[in-house]
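Colleague: Read off the chains here:
There are 2 protein chains.
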Amino acid sequence: MSAEIICVGTEMLLGNILNSNAQYLAIQLAKLGIPHYYQTVVGDNPERLKHVIEIASQRSEILIFTGGLGPTPDDLTCETIADFFNTPLVERPEIIEDIARKYAQRGRQMTPSNRKQALIPKGAEILPNPTGTAPGIIWQPQPGLTIFTFPGVPSEMQRMWEETAVPYLRNLGWGKETIYSRMLKFWGIPESALAEKVAAYLNLTNPTVAPYASKGEVKLRISAKAATEAAAQELIAPVHKQLQDIAGLDYYGADDDTLASVVGELLRRDKETLSVAESCTGGGLGQMLTETSGSSDYFWGGVISYDNSVKINLLDVNAEDLAKCGAVSATVAEQMALGVRSRLGTSWGLSITGIAGPTGGTETKPVGLVYIGLAKPNGEVESFEYRWGTGRSRSLIRHLSTCSALDQLRRKLLTR
Amino acid sequence: MSAEIICVGTEMLLGNILNSNAQYLAIQLAKLGIPHYYQTVVGDNPERLKHVIEIASQRSEILIFTGGLGPTPDDLTCETIADFFNTPLVERPEIIEDIARKYAQRGRQMTPSNRKQALIPKGAEILPNPTGTAPGIIWQPQPGLTIFTFPGVPSEMQRMWEETAVPYLRNLGWGKETIYSRMLKFWGIPESALAEKVAAYLNLTNPTVAPYASKGEVKLRISAKAATEAAAQELIAPVHKQLQDIAGLDYYGADDDTLASVVGELLRRDKETLSVAESCTGGGLGQMLTETSGSSDYFWGGVISYDNSVKINLLDVNAEDLAKCGAVSATVAEQMALGVRSRLGTSWGLSITGIAGPTGGTETKPVGLVYIGLAKPNGEVESFEYRWGTGRSRSLIRHLSTCSALDQLRRKLLTR
Numbered sequence: 001m002s003a004e005i006i007c008v009g010t011e012m013l014l015g016n017i018l019n020s021n022a023q024y025l026a027i028q029l030a031k032l033g034i035p036h037y038y039q040t041v042v043g044d045n046p047e048r049l050k051h052v053i054e055i056a057s058q059r060s061e062i063l064i065f066t067g068g069l070g071p072t073p074d075d076l077t078c079e080t081i082a083d084f085f086n087t088p089l090v091e092r093p094e095i096i097e098d099i100a101r102k103y104a105q106r107g108r109q110m111t112p113s114n115r116k117q118a119l120i121p122k123g124a125e126i127l128p129n130p131t132g133t134a135p136g137i138i139w140q141p142q143p144g145l146t147i148f149t150f151p152g153v154p155s156e157m158q159r160m161w162e163e164t165a166v167p168y169l170r171n172l173g174w175g176k177e178t179i180y181s182r183m184l185k186f187w188g189i190p191e192s193a194l195a196e197k198v199a200a201y202l203n204l205t206n207p208t209v210a211p212y213a214s215k216g217e218v219k220l221r222i223s224a225k226a227a228t229e230a231a232a233q234e235l236i237a238p239v240h241k242q243l244q245d246i247a248g249l250d251y252y253g254a255d256d257d258t259l260a261s262v263v264g265e266l267l268r269r270d271k272e273t274l275s276v277a278e279s280c281t282g283g284g285l286g287q288m289l290t291e292t293s294g295s296s297d298y299f300w301g302g303v304i305s306y307d308n309s310v311k312i313n314l315l316d317v318n319a320e321d322l323a324k325c326g327a328v329s330a331t332v333a334e335q336m337a338l339g340v341r342s343r344l345g346t347s348w349g350l351s352i353t354g355i356a357g358p359t360g361g362t363e364t365k366p367v368g369l370v371y372i373g374l375a376k377p378n379g380e381v382e383s384f385e386y387r388w389g390t391g392r393s394r395s396l397i398r399h400l401s402t403c404s405a406l407d408q409l410r411r412k413l414l415t416r
Numbered sequence: 001m002s003a004e005i006i007c008v009g010t011e012m013l014l015g016n017i018l019n020s021n022a023q024y025l026a027i028q029l030a031k032l033g034i035p036h037y038y039q040t041v042v043g044d045n046p047e048r049l050k051h052v053i054e055i056a057s058q059r060s061e062i063l064i065f066t067g068g069l070g071p072t073p074d075d076l077t078c079e080t081i082a083d084f085f086n087t088p089l090v091e092r093p094e095i096i097e098d099i100a101r102k103y104a105q106r107g108r109q110m111t112p113s114n115r116k117q118a119l120i121p122k123g124a125e126i127l128p129n130p131t132g133t134a135p136g137i138i139w140q141p142q143p144g145l146t147i148f149t150f151p152g153v154p155s156e157m158q159r160m161w162e163e164t165a166v167p168y169l170r171n172l173g174w175g176k177e178t179i180y181s182r183m184l185k186f187w188g189i190p191e192s193a194l195a196e197k198v199a200a201y202l203n204l205t206n207p208t209v210a211p212y213a214s215k216g217e218v219k220l221r222i223s224a225k226a227a228t229e230a231a232a233q234e235l236i237a238p239v240h241k242q243l244q245d246i247a248g249l250d251y252y253g254a255d256d257d258t259l260a261s262v263v264g265e266l267l268r269r270d271k272e273t274l275s276v277a278e279s280c281t282g283g284g285l286g287q288m289l290t291e292t293s294g295s296s297d298y299f300w301g302g303v304i305s306y307d308n309s310v311k312i313n314l315l316d317v318n319a320e321d322l323a324k325c326g327a328v329s330a331t332v333a334e335q336m337a338l339g340v341r342s343r344l345g346t347s348w349g350l351s352i353t354g355i356a357g358p359t360g361g362t363e364t365k366p367v368g369l370v371y372i373g374l375a376k377p378n379g380e381v382e383s384f385e386y387r388w389g390t391g392r393s394r395s396l397i398r399h400l401s402t403c404s405a406l407d408q409l410r411r412k413l414l415t416r
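Protein chains in written order, with UniProt numbering: chain A, 1 to 416; chain B, 1 to 416.
Bear in mind the hints are in silico, worked out from the structure with no lab data behind them. Do not rely on the hints blindly, as some may be mistaken.
Since the list can't tell identical chains apart, any single copy or any two copies may satisfy a pair.
[To be verified] Restricting the straight-line Cα-Cα distance to at most 30 Å, the calculated cross-link-like pairs of lysine-lysine (DSS-like) are:
| # | residue 1 | residue 2 |
| --- | --- | --- |
| 1 | Lys-31 | Lys-215 |
| 2 | Lys-412 | Lys-116 |
| 3 | Lys-241 | Lys-176 |
| 4 | Lys-365 | Lys-271 |
| 5 | Lys-215 | Lys-376 |
| 6 | Lys-50 | Lys-219 |
| 7 | Lys-197 | Lys-116 |
| 8 | Lys-365 | Lys-324 |
| 9 | Lys-225 | Lys-50 |
| 10 | Lys-122 | Lys-376 |
| 11 | Lys-412 | Lys-50 |
| 12 | Lys-412 | Lys-225 |
| 13 | Lys-50 | Lys-271 |
| 14 | Lys-197 | Lys-365 |
| 15 | Lys-376 | Lys-116 |
| 16 | Lys-271 | Lys-122 |
These numbers come from a predicted model, not from an experiment.
The following block holds chain A by itself, in its conformation from the complex (with noise of 0.2 Å):
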């Protein structure tokens, strides 16, 4: 037994419009622990649309429709539907009386075309829209099919479903089971080594483990079926633990936990504060860190140090060796985190430069080099460099840079 979901709308193949209805369903089946492997995205075409429905009325038993429920001449989904099951269609007068009461709440007159969302097939349930004017059908055509529509407009579909297709579906008998998943989230190990030392993981069956990459970071999903919430993360809990043993430093955190929320919850514990100063990234670190609302606790602030001025200046970088080293380079990374620790009286400083391109690379100093400073709450200093390679993105250099810097201070402030 398994559900699929039909998008139906020549705007989403124009691609004007996100499918955002399809991920909406996909949790809420997943919710209630109904099996789901397809998605289909069809125009607004007749023909189209019953090839559509014969391929998946023949592999799955609940077949979900959005969109094209509309009253314009190309909204056609419930009469194609019909049509392909050769069920005639009948004009409901409770839906004709909700649609011309909803008409006149707003001052309006409801036109002829309207009477078309008031056809539905022969046998079918009305499944109400209680904001819009197109209701969507429960129907069952066949034995073993059941068949829900939903118009395209994301506020009403997800209202229908809630109140009308979760209690039906829940009086079947589905939500007696509930997947639940947990992200965990590590940095500073690429998905295949991270994969490779969990691998034995990557072939249970309750919970199952999958990794996931995007810009650096890696996750793996712990998903687990259970009769309840509770006992699908008591399936969770012992994988999690194991799997963060393995990873080690490498693993930082789950769910809503950011690089930014970890190192914040960290300075907060040991009652420590943090300024930056950043030269690349132009920023961009003092805005992660305070995304976390409440981060006004540990960060103090920090100095944009773009122009090598700003470093002599407001940072104390020494004229000389920023001649001689160059503004990226470990030395003058080391001196901006000190320095802004200094003006700024707090117990770590953290700073960035480097060459996020396209261009200003050199030989020597190729787009992507990346100097991370870490003054600590003793006066000492320690430098990292990073070469993040010259075929990546200006964007996605400063975001590897931004995240890199915060992981080497988590790992300072969890392993002095």
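Go by the hints and put chain B onto chain A.
Modeller: Just chain B now, kept in the frame of chain A:
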């Protein structure tokens, strides 16, 4: 002749990610004039993926796959396609070399699991991935059928599409009639007000004009269909000019223009420089200004004065005024702007102080109250008050404030 998009990944069936790749590719296919009638999402499951390939290869001549090219065991798009067409996989040494080189650049060792990414169907061409390790393929497994595979990471997929797939498709004769669009951008006017001003244009047929709005920005997309890009541009240009005239100062640019890049161009034109002082945005204004490569010509840096001590010590805000008026006040915004301009020695100083929430609001100073200060080349200073409302998220309030600060400077640079 038509193309079909097949997105592979269990994470989409679970609703973990939004399928933005399908939208990107849909827009791209429309630009090239390639008809496109179906999109399918299927999980990382070989049997179901083969079922999808069987259906798609019977109704479409170009199949575009995204996802499932990574190094982990659940990435099996390429091998499943090869298996469906009874074609062996061959290891391509040039892919291994490329992956090893990318790892080496980042100071890392390639892992054995990466070798999997070098296996492609016999007879397929490599579709190079300039930024990531997973290459795609271009392959004709049978006459009249062309397959493209791309990784699921949007930035990698998009670059591979632009650099390799588009020239390949143009070479096959696609893209002779083109749909070309220009996006006009506006700040400081609500969507409904702009739509009313330009109402007559929303009914045009070639070019068409359509409004969009997101996160405080309003856009008008002008789209024209023509044999060449130049001919489309000729249809667009007069409409662009007229819409710009109607909107006046609320129009700020088109296409790749950002508020930050437009401000940068005006500063460069006038050979002037800028520094910033940020409280509630924590570095976001500096980050936005430095997203533009070459911004060091006019942007010198700034001070992130999250803590009040930094406002006093590094920006020379008067401690008494700070105590009397509070950090979120016109007085402090003005002193921050004057302070940073003077400390950094720039032509302009731009400051932001406010309450981004969700906590920290009071009856008289609610969440969403933000002051922007602008210190001018002649030493005068001005401030602007914004009340974004308590219902908006921290992230949106920070974004709106950053953009509005740039917009105030833009208006001043255009009208002084």
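Colleague: Hint by hint, note whether the structure agrees.
Modeller: Going down the list of hints, with the structure as the test:
1. In this assembly of identical chains, Lys-31 and Lys-215 lie within 30 Å of each other by CA distance both inside one copy and across copies; the values are 26 Å within and 28 Å between.
2. For a Cα distance limit of 30 Å, the shortest separation of Lys-412 from Lys-116 qualifies neither inside one copy, at 57 Å, nor across copies, at 35 Å.
3. For the homomeric pair Lys-241 and Lys-176, the shortest alpha-carbon distance inside one copy (27 Å) is at most 30 Å, but the shortest distance between copies (57 Å) is not.
4. For the identical chains of this complex, Lys-365 and Lys-271 are inter-copy neighbours only, at 29 Å across copies versus 38 Å inside a copy, given an alpha-carbon limit of 30 Å.
5. For the identical chains of this complex, Lys-215 and Lys-376 are intra-copy neighbours only, at 28 Å inside a copy versus 39 Å across copies, given an alpha-carbon limit of 30 Å.
6. Within a single copy, Lys-50 and Lys-219 get their C-alpha atoms only as close as 40 Å, which misses the 30 Å cut-off; across copies the closest is 27 Å, which meets it.
7. Taking identical chains as interchangeable, the C-alpha atoms of Lys-197 and Lys-116 lie at most 30 Å apart only when they sit on different chains, with a minimum of 17 Å there against 57 Å within one chain.
8. Taking the shortest Cα distances, Lys-365 and Lys-324 sit within 30 Å of each other inside one copy (14 Å), while across copies they are farther apart (50 Å).
9. With identical chains, the CA atoms of Lys-225 and Lys-50 are at most 30 Å apart between copies only, with a shortest distance of 27 Å across copies and 34 Å within one.
10. In the homo-oligomer, the alpha carbons of Lys-122 and Lys-376 never lie at most 30 Å apart, since the shortest distance is 66 Å inside one protomer and 56 Å across protomers.
11. Proximity of Lys-412 and Lys-50 under a CA criterion of 30 Å is satisfied in neither setting, with 60 Å inside one chain copy and 49 Å between copies.
12. With identical chains, the CA atoms of Lys-412 and Lys-225 are never at most 30 Å apart, being 37 Å at best within one copy and 58 Å at best between copies.
13. In this homomeric assembly, Lys-50 and Lys-271 never come within 30 Å of each other (Cα to Cα): the closest approach is 61 Å inside a single copy and 57 Å across copies.
14. Taking the shortest alpha-carbon separations for Lys-197 and Lys-365, neither the intra-copy value of 34 Å nor the inter-copy value of 52 Å comes in at or below 30 Å.
15. For the identical chains of this complex, Lys-376 and Lys-116 are neighbours neither inside a copy (59 Å) nor across copies (43 Å), given an alpha-carbon limit of 30 Å.
16. Taking the shortest alpha-carbon separations for Lys-271 and Lys-122, neither the intra-copy value of 58 Å nor the inter-copy value of 61 Å comes in at or below 30 Å.
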